[in-house]
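Student: Each chain, letter by letter, is given below.
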Amino acid sequence: MNAVMAIAGATFGEAIRKRILIVILLIALLIILISPAFGPFAGGRGARTMIISFGFGVIQLAGTFIAIIMCTTMIPTEIERRTIYTILSKPVQRYQFVLGKFFGAIGTLGFMYLMMGIVFLIATRFAIGEFDARIIPGLIMFFFQSSLLAAVVLFFSTFVSPLVNYFLSGGVFLLGNLLSSFLETIQRNPEVTPLTRIPVQILTLILPNFSNFNVQNPIINPEQVITDPVAYTVQTLAYALVYMTMLLVLSMLIFNQREM
Amino acid sequence: MRMRRNHAGLKVLVVVLLIVQAVLQWRIYPLWVRNYAPKQAAPIGLSPDQLLVAVAGFREFLAAILWVRADGFFHSGNYDAVLPMLRLVTWLDPHNLDVYATGAWHMGYNFTDESQRSDRRYIPLALKFLEEGIQNNPAVWDLYFEMGWMYFHKIQDPTNAVPWMRLANEHPDMIPARRHLLAHAYFKSGRFDDAVDWWAKLFLDAEKTRHKDWESSNLYDVRQNNLEDTILDILRRYGPEPETQPPVDLGFDATVKVIRPRVLLVEGRLGIPTIGARVTVILRDKGRTINYSPKALETFTFEVDPKFTYMQDSLAVREEKFRREIDMSKDPKMYPFKAPEYEVEFIFDPRYASPNVQARIGSDGVGMYDARYLEEVREKPAPVEVPKYAKVSDEVRREVENPTREVSYRRVRKVITLTREQILMLGKRGE
Amino acid sequence: MSDIAIKTVNLTKRYSGLWSKHPVDAVKNLNLEVYRGEIFGFLGPNGAGKTTTIKILLGIIYPTEGEAYVLGKPAGDPKNHYKISYLPENPYFYDYMTGREILTFYARLFGIPEPERSKRVEELLDRVGLSRAADQPLRTYSKGMLQRIGLAQCLINDPELLILDEPTAGLDPIAHIDIRDLILELRNQGKTLFISSHQLSDVERVCDRVAILNKGMLVRLGKIEELLAGGHVEIIADKVSDNVVEPIRQLGGKVSLHDGRLIVQQPDDGSVDRVIDIVRAAGGHIISVKPYRRTLEDLFVETIQGGKSV
Chain A
349 MNAVMAIAGA
359 TFGEAIRKRI
369 LIVILLIALL
379 IILISPAFGP
389 FAGGRGARTM
399 IISFGFGVIQ
409 LAGTFIAIIM
419 CTTMIPTEIE
429 RRTIYTILSK
439 PVQRYQFVLG
449 KFFGAIGTLG
459 FMYLMMGIVF
469 LIATRFAIGE
479 FDARIIPGLI
489 MFFFQSSLLA
499 AVVLFFSTFV
509 SPLVNYFLSG
519 GVFLLGNLLS
529 SFLETIQRNP
539 EVTPLTRIPV
549 QILTLILPNF
559 SNFNVQNPII
569 NPEQVITDPV
579 AYTVQTLAYA
589 LVYMTMLLVL
599 SMLIFNQREM
Chain B
147 MRMRRNHAGL
157 KVLVVVLLIV
167 QAVLQWRIYP
177 LWVRNYAPKQ
187 AAPIGLSPDQ
197 LLVAVAGFRE
207 FLAAILWVRA
217 DGFFHSGNYD
227 AVLPMLRLVT
237 WLDPHNLDVY
247 ATGAWHMGYN
257 FTDESQRSDR
267 RYIPLALKFL
277 EEGIQNNPAV
287 WDLYFEMGWM
297 YFHKIQDPTN
307 AVPWMRLANE
317 HPDMIPARRH
327 LLAHAYFKSG
337 RFDDAVDWWA
347 KLFLDAEKTR
357 HKDWESSNLY
367 DVRQNNLEDT
377 ILDILRRYGP
387 EPETQPPVDL
397 GFDATVKVIR
407 PRVLLVEGRL
417 GIPTIGARVT
427 VILRDKGRTI
437 NYSPKALETF
447 TFEVDPKFTY
457 MQDSLAVREE
467 KFRREIDMSK
477 DPKMYPFKAP
487 EYEVEFIFDP
497 RYASPNVQAR
507 IGSDGVGMYD
517 ARYLEEVREK
527 PAPVEVPKYA
537 KVSDEVRREV
547 ENPTREVSYR
557 RVRKVITLTR
567 EQILMLGKRG
577 E
Chain C
-8 MSDIAIKTVN
2 LTKRYSGLWS
12 KHPVDAVKNL
22 NLEVYRGEIF
32 GFLGPNGAGK
42 TTTIKILLGI
52 IYPTEGEAYV
62 LGKPAGDPKN
72 HYKISYLPEN
82 PYFYDYMTGR
92 EILTFYARLF
102 GIPEPERSKR
112 VEELLDRVGL
122 SRAADQPLRT
132 YSKGMLQRIG
142 LAQCLINDPE
152 LLILDEPTAG
162 LDPIAHIDIR
172 DLILELRNQG
182 KTLFISSHQL
192 SDVERVCDRV
202 AILNKGMLVR
212 LGKIEELLAG
222 GHVEIIADKV
232 SDNVVEPIRQ
242 LGGKVSLHDG
252 RLIVQQPDDG
262 SVDRVIDIVR
272 AAGGHIISVK
282 PYRRTLEDLF
292 VETIQGGKSV
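Chains as they are written, first to last, in the numbering used here: chain A, 349 to 608; chain B, 147 to 577; chain C, -8 to 301.
Quick caveat, the hints were computed from the structure, so don't treat them as lab data.
As the structure is a computational prediction, the values presented were derived from the model and not from experiment.
Hints may be right or wrong, so weigh each one.
Partial list, computed: chain B residues near chain A (C-beta under 7 Å) [stated by the list, open to error]:
| # | residue |
| --- | --- |
| 1 | HIS153 |
| 2 | LEU156 |
| 3 | LEU163 |
| 4 | ARG173 |
| 5 | ASN181 |
| 6 | PHE207 |
| 7 | SER475 |
Here are a few chain C residues that face chain A, going by a calculated C-beta distance under 10 Å [as the list claims (entries may be wrong)]:
| # | residue |
| --- | --- |
| 8 | ASN71 |
| 9 | TYR73 |
| 10 | TYR77 |
| 11 | TYR83 |
| 12 | GLU92 |
| 13 | GLN190 |
Even glycine gets a Cβ: it sits at the ideal position worked out from N, Cα and C.
Given the sequences, and given the hints that come with them, work out the whole structure.
Tutor: Okay, structure coming up:
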């Protein structure tokens, strides 16, 4: 575990110094800070909707970019620079290396979300005049969404090149965000045959379902009443953990067979 | 030689985890659909880039921006541009109650002709739009109320306003003053017992909090007055010595004359001695009328039938006479006159007459009589389909889904048929 | 305990690319034995298969055929990794870290607990002469300093076997000497050093034995003195008459004589005295007797160009 934590620490230290990630974070923070200026466009109840929706949008987008950009190159760079040989020639198992990289990525995402979350809370505090704690569960869900995405990217990075990975993981993220909506639409359409419906249903059960984490809607519109929010949150977080574990085990299996 | 290990245990673990996540997803999906899905009838029709923005999580933000723009269109009178905006905004943010409420009001009230007569062909659209809003926000009172208000005020159908007001009143967070409207709807529709009961219930509710603040004590006073007035009205009109008897003979009649192409002169007589009575005049394609129900449309659309002509106006009665020139020549979009025959309908409905008129003839018309045109209307509210996740008691759900209470009222109604040639003055001298 | 540190038996690594039809043998039927306590030079031009062999020894890649043992255990055995260490060619270290931080990082990979860890790190910094630069981030280090940090991370576990891949590549001559001294010092402590190189420098000259690899195959293997045996001695004399040429030729040397000046290149096998005797007897005047040793360069070039296998 010491080795895993050491690798995670080194990964975190390197990631938070990566220029592109810092730029994304700073842009996101800046946009969130100036978002209260949009409020007067909508006025009244609309102002709150607008600012919170916008803030969540910026944070989700930044989290997505950070996760993809950070994780695509994380392992390939280590191989290219031969740092990995100095690590794997030490008593470090490959699975420990993958685990360390993943925890480093999660740590980085956590740090970035913490920064954005604090600025978001401050910005909304000034924009709508109250400290709105309902934002926090939404941020946590988005953090888990980005973490799951990081696991997906890391998994792909064990067997495809970074460029392919950008498109692959970007595509999976998009698909994972749309599948449930798509399934819901075709389920309500009586003209869709089971021949179309069943493959979509199977896909939603296999692919990582990122839309599960998009729960900002009732936070943005507090009038909406949610049934079983606790059960939903618990199951969704469990889903994230199970799915991430599965991807990590798969990554380890592939990485173990891999020749560098 | 140490070779690559097989890791059979880990492979089994992957399969187990795959199954566990699928089970979790199976359980999450219905909850997600219920609570978080962008429940929209038709995401088709959105361009991919709009979809992308929506996916990226800026849905509500984009909706708010568009809504601000729609408001701009609205204030500049560009009404047609507002409709697609409404569609887009509610798709992006199906929980934006303001957009549904304002949009329905806009469709119900703001499409008018030169003489400010509203284009009532848009009302079913407004109802459908509100119904969609209710399906998307079943646990919020606002849109049930908006629907009830549309029936109560715009359509002047208190019978069908009642079920929607009932549903709105099921929500504890409803604005107190808005709760009064159910009592008014009961009363207007002829359910006097229910009106008294509802005022009594509201009064007792207000009594509990009357000392809380000025607003609460004011509410208490208002409800007390209303309860007393309602009971007094009922006693005066239907009590042992009713002021509504003997009935007034209305001697109702109406004529219509085409004075220029598409311009009608309507006049007639209604024998009510006091001021404040109004006669409704409707011109429509023969055998066809507007179905004021959200069920009239299968899906929401912005289109009204461009061949359907429907005009409705309300004529004030002065000294027992009414007369109005109705000019339909300037708005061919609203009055296309494509059908071969038209019916001109004159109706006096006492339910929406002024209080002093109702004091004499009753709000249900018991105190009026007409030898030729009197009709007794018996009706029940149309069944309302209550959304599955509405926060409504079983009792109210049963009541509005299977209405049993029948109401009746009297009105006078005369129908005159005109041909297209007559209205357009075809083959006649002059035009 | 066996006295063999590394042993490979018919080791073969075949790369069959996804797109290419012809598989390439990066290493082919390699049989090697490296003894404990020696400095073993693993030489060969770029692409000879040196790094591939090393990666197999470290368990980073897997052999296609054959076997490899390190310290008596199959290559890649995790337990071995406590006793060996590896310095890759031109390694990159997390350059935001300071010298002290990077050594601490590697010490943690070994699970060395505090306060032992800090003590070890300080010792190593001192040993490679980086104590003064210990708190500078690595990105401010020169190439030589980075290589010294690389060596320091190799020593963090006090290994029995060090595998150094091109340890002097890109370094200036003074750094070469530093590293050579360090290697000798490590050998004196009883450690085994396995050094790969594609170029020859002072460092390779300290090797006890070398193997020369070409195109994946072992072409030479042996003690450095044995491989370099068979130099020649150049004898120059003046005022020599023509009649000495024939007897000297019979002794096996190359002879040239112009205007009384004689140049003989005589194999270094004890016949040199006889040549000198003949010249003197003929009244010649010896100007110089200069031995020419066979160099590693000669051997290397000869071997690679000859391409013959042992």
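Student: Against each hint, give a clear statement of whether it holds in the structure.
Tutor: Hints versus structure:
{"no.": "1", "hint": "HIS153", "result": "holds (6 Å)"}
{"no.": "2", "hint": "LEU156", "result": "holds (6 Å)"}
{"no.": "3", "hint": "LEU163", "result": "holds (4 Å)"}
{"no.": "4", "hint": "ARG173", "result": "holds (6 Å)"}
{"no.": "5", "hint": "ASN181", "result": "holds (5 Å)"}
{"no.": "6", "hint": "PHE207", "result": "holds (4 Å)"}
{"no.": "7", "hint": "SER475", "result": "violated (41 Å)"}
{"no.": "8", "hint": "ASN71", "result": "holds (9 Å)"}
{"no.": "9", "hint": "TYR73", "result": "holds (5 Å)"}
{"no.": "10", "hint": "TYR77", "result": "holds (4 Å)"}
{"no.": "11", "hint": "TYR83", "result": "holds (4 Å)"}
{"no.": "12", "hint": "GLU92", "result": "holds (9 Å)"}
{"no.": "13", "hint": "GLN190", "result": "violated (19 Å)"}
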